[in-house]
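Participant: Sequence:
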Amino acid sequence: MPKSGECDAQSSQGEASLVLPSRVKGGGLLLVNTPAGAGSAAIRLGIQRDWMILEVGFANDCDQGLRDEIRSLSGQQLLENQTDEVVDAVILWWRDGDGDLVDQLVDSQTYLTENGPIWLLTPKVGRDGHVEASDIQDAAPTAGLSVTSTIPIAKDWIATRIAPRHSGKPAKKK
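136 is the number that the working numbering gives to position 134 of the sequence shown; each next residue is one higher, with no gaps.
No lab work stands behind these hints, which were simulated from the structure alone.
The hints are all genuine.
List of simulated lysine to aspartate or glutamate pairs, EDC-like, C-alpha gap at most 16 Å:
no., residue 1, residue 2
1, Lys126, Asp158
2, Lys157, Asp65
3, Lys126, Asp98
4, Lys157, Asp70
5, Lys157, Asp63
6, Lys126, Asp63
7, Lys126, Asp65
8, Lys157, Asp130
9, Lys126, Asp137
Quick caveat: nothing in here was measured; it's all calculated off a predicted structure.
Given the sequences, and given the hints that come with them, work out the whole structure.
Facilitator: Put into structure tokens, the structure is as follows:
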């Protein structure tokens, strides 16, 4: 059996299979059959079946295909920022000029589980609303978070994973 996130060559129905971690009692893995390539962007974001996901900053310029992949993979509708739910991840669409990024990152944490990621989606270089990487690198620690990775995620968007900072183990004495 493949490990989490890996593809199996064929399922019994002849489709590609993806093993996706899910909230299965006992911590088991849920095998999900999906056509090859389906939801690949959402998989790269680490979206899991049954996750509740808060979406902030949606506008007409957002990538509808990516939103559809996230909904399909999670099996849930994206929640709007008027929710009282605790969520597993936040999808934050952000453009230069949208306001104070630090404030929005702090606000996003109020809905998030202890280890849940915030995926900051910003326009790529050369697109209207592009956000400088240095602005993100400055905002995250100010909000008590860490930037962990950045990946191209859609035609006009890049995704930056921002996660809670965890205190490291104390340094060993020499």
